[in-house]
Amino acid sequence: MSFQNFRKIAGSYLFVAPAMLLFCTFSLYPFLKVFQLSVTDWDGISSSMHYIGLENFKDLLTDNPVFWGSMKNAFYVTFLALTVQNFLALFLALLCDRDIRGGNVYRVIFYLPPVLSGIVVGLIWNWIYDGNYGLLNHFLQFIGLGDLQRAWLSDAKTALYAVSVIHMWKGFGWGFVILLAGLQSIPRELYEAATVDGANTWTVFKNVTFPLMIPVFVLVSILTILGTMQIFDIIIATTGGGPGYHTEVPITRIVAMMIGSSKFGYACAMGVTFGLILLAISMVQIRVSKMMKQV
Amino acid sequence: MRTFLKYFVIFFAALTTASCGPSEKADTTTLTVWHWMSDREEAFNELAERFTQETGQKVKFELFAPSEAYSQRVKASAQTSTLPDIYGVLGESRDFASFIRSGYIEDLSQALSQPGVDGHVWKETLFEKALAVNTFAPGNEFGIPPGIYGVPLDVTTIQMLYNKTLYKKAGLDPANPPKTWEEFVGHASILREAGIPRFVGGFGEIWMLDALASNLAMNLMGEEKVFDTYRGKVPYTDPDWVKVLSYFKQMADEKILVEGAVTMVNKTAEQTFANERAAYAFNGSWSVNVYKGMNPALDYEAMLPPSVSSQYPPRIWGGAGGSFVVNAKTPRKDAAIGFLKWLTAEKQQTFLAEKTENLPSNRRSMTKISPLLASFADDMDNATHPNIYPVHEDPAVIEAFDKGIQSILIGEKKPLEVAQEVQKAKDKAEAKRSAAA
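One line per chain: the protein sequences are Y and C, in this order. The numbering of the first sequence is this note's numbering, which starts it at 251 and goes up by one. The numbering of the second sequence is this note's numbering, which starts it at 13 and goes up by one.
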């Protein structure tokens with residue numbers, strides 16, 4: 251290699267070096283470290299740790315129903331977010347895509363909840379759901395449905411739904427913004443041509459909007475799944491995972507294991523397992539989206 | 013391009029070397045203290061200034077709140093050997109032991125046996141029960157060399173509180189709070205008839221449930237039987253344990269708890285009691301300062317949890333509130349110990365008690381506290397704490413027990429059902445312990 255070539259390559263690497271350094275320090279190293287810790291019995295404090303092989307994983311897979319129950323809860327919230335939240339986001343995006351009056355104001359309003367802190371949102375909704383002086387109970391009383399009054403977050407029948415509603419309220423703004431951007435990227439000529447051909451609103455949506463929006467739907471659904479499965483702050487601010495285990499989700503279990511029980515190694519094994527599940531879901535979703543595109 | 017590249021290399025090299033070096037000249041004389049007590053920040057800073065004026069030694073208090081964030085910071089700093097001269101360890105005795113085993117905490121036994129600032133033996137000026145939380149006895153289950161590893165900054169007790177105004181409103185005698193469980197249920201019934209919400213606690217934080225349940229258990233069956241359960245000699249399906257769980261069932265049946273208390277955090281529970289939306293609360297002595305801030309006119313008093321048996325003495329959680337330890341690796345060890353001696357002396361403790369409404373750890377300062385705070389201190393003889401238990405329950409079992417109580421309180425499970433589930437968790441924990449041994 252000539253000196254000129256070496257200098258050219260070295261110069262290129264030099265430019266990449268700061269970003270690589272940051273990536274390796276703050277992403278790659280912690281990522282690999284979690285794998286390393288997951289096969290130890292480290293308590294998060296001691297200067298020494300013992301290698302225990304796959305024992306943590308074995309226990310997690312065969313003898314930890316609480317963790318898998320929390321996974322079920324997270325899937326349930328995710329299902330609601332994928333359907334209700336995203337349909338709401340799409341509906342509002344379709345409305346705002348038309349040149350309605352004050353469209354920008356609506357966009358700001360719809361985008362406000364996602365930028366609020368999860369803890370703040372949780373505290374606000376705590377007040378709404380309060381069993382004694384909550385806004386929701388007052389409203390139900392006002393409209394003559396006083397029989398439905400309850401402590402929404404402390405009732406085993408409603409706690410998970412109540413938390414899901416908060417999550418969907420906080421999250422629909424993301425989907426709204428992305429879907430709206432997708433809708434606005436569709437050439438207007440296609441709509442005009444369809445209208446000239448006599449297509450009604452539903453036909454236009456089915457044959458023009460929907461096919462062109464598939465990549466956006468895939469993106470939104472991946473973000474929804476990954477975001478919702480990792481729900482944590484709202485749970486901590488409202489129910490703490492209770493009552494009982496009714497609103498426990500994987501992250502609250504990982505934190506409980508890490509801080510509450512000082513089983514850092516086991517918590518890392520939970521993190522690795524949870525990460526692999528999310529990876530598998532994302533890969534399936536990407537595969538399905540590719541198949542849909544081919545169709 | 014060549015010039016640009018040259019300047020870029022120089023800039024990057026400068027940036028790298030600058031970030032590797034100290035940002036300011038290292039201060040090797042100032043004592044650094046880390047804490048999580050945001051309500052005491054002002055008082056600590058004032059005391060630091062006074063100490064500097066008196067001795068010339070600079071002290072810097074650094075606050076990291078909330079306590080969860082503080083706890084993580086201390087653990088992370090331990091890994092990188094960047095712990096300060098003085099800090100506190102939050103968590104159970106298992107965590108405390110792990111810090112000691114790893115050489116992060118100095119044994120203060122010898123220093124505590126020497127005279128303190130006012131000439132008396134240092135440890136004799138402090139409450140024994142508060143010191144006990146920082147003490148590891150010979151033959152302890154963690155294998156820690158016996159000694160005292162921390163200095164209590166204040167003492168605390170967790171008790172029941174009752175609102176005197178609401179008591180009067182319901183026609184009950186505010187000078188006679190319930191002493192037995194039957195009286196408690198009876199008073200709750202009268203309060204209910206008067207339309208007054210009854211009992212609130214931050215039972216979404218399961219350690220609060222654990223505190224109340226262990227109070228009832230120790231009163232009903234005695235400490236030894238509770239410890240024998242932890243040792244695996246008594247099952248959780250024992251009638252006494254089922255009876256303990258039945259008290260929670262009774263609270264659910266009689267609707268004694270305010271709506272939503274099962275998932276309520278303690279801060280919300282404190283607001284509920286301060287706003288007179290509950291006649292009883294379960295809270296610690298730190299709440300005196302909290303309620304004072306929320307509702308200065310609140311008329312209340314502390315009382316022991318209602319007794320469920322006369323066979324064994326009532327027990328409450330108590331002992332050291334916050335404690336400080338000395339970093340075993342700091343070169344300023346003597347200065348750090350000297351500062352802790354000064355901080356726990358009568359004058360400074362009185363100042364802290366007056367300023368922050370916390371119970372002082374120095375016995376002599378106790379005479380100068382408010383009557384309300386004194387109502388918490390009165391029951392110090394009944395205090396115990398998980399950190400001083402001779403044996404500790406597995407965290408998974410504790411969680412199963414506390415979550416089970418939540419299930420009883422929402423009417424989802426029966427006491428016996430929960431007892432069986434807890435015993436199952438216990439069997440699993442025992443099997444794991446045996447396998448590990």
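It is worth saying that the hints were derived from the structure and are not from the lab. Possibly wrong hints are sitting among the right ones.
Unchecked claim - Here are some chain Y residues pointing at chain C (derived, C-beta under 10 Å):
(1) Val316
(2) Gly384
(3) Asn387
(4) Leu390
As the list claims (entries may be wrong) - What the simulated footprint calls covered on chain C by chain Y, stretch by stretch (three residues with Cβ under 8 Å from a Cβ of chain Y suffice, anywhere in the stretch; the number is not a length):
(5) 109-115
(6) 209-221
(7) 266-272
(8) 327-340
(9) 411-421
No residue lacks a Cβ here, since even glycine has one placed at the ideal position from N, Cα and C.
Quick rundown of the hints versus the structure:
Proximity of Val316/Y to chain C holds as hinted, the smallest CB-CB distance being about 8 Å (cut-off 10 Å). A hinted interface residue such as Gly384/Y counts as satisfied when its beta carbon comes closer than 10 Å to some beta carbon of chain C; here the least separation is about 8 Å, so the hint holds. Taking 10 Å as the C-beta cut-off, the interface hint given for Asn387/Y holds, the closest approach to chain C being about 9 Å. At a threshold of 10 Å, the smallest CB-CB gap from Leu390/Y to chain C is about 14 Å, leaving the interface hint violated.
A count of 5 residues in the segment 109-115 of chain C with a Cβ less than 8 Å from any Cβ of chain Y is obtained; the coverage claim is therefore met, three being the minimum. Counting residues of the segment 209-221 of chain C whose beta-carbon sits less than 8 Å from any beta-carbon of chain Y gives 4, enough to reach three: the coverage restraint holds. Counting residues of the segment 266-272 of chain C whose CB lies closer than 8 Å to any CB of chain Y gives 3, so the stated coverage by that chain holds, three being the minimum. A stretch counts as covered by a chain when three or more of its residues have a beta carbon under 8 Å from one of that chain; for the segment 327-340 of chain C and chain Y the count is 0, and the coverage is violated.
Counting residues of the segment 411-421 of chain C whose CB lies closer than 8 Å to any CB of chain Y gives 6, which reaches the minimum of 3, so the coverage claim holds.
The structure fails hints 4, 8 (numbered hints given earlier, in ascending order).
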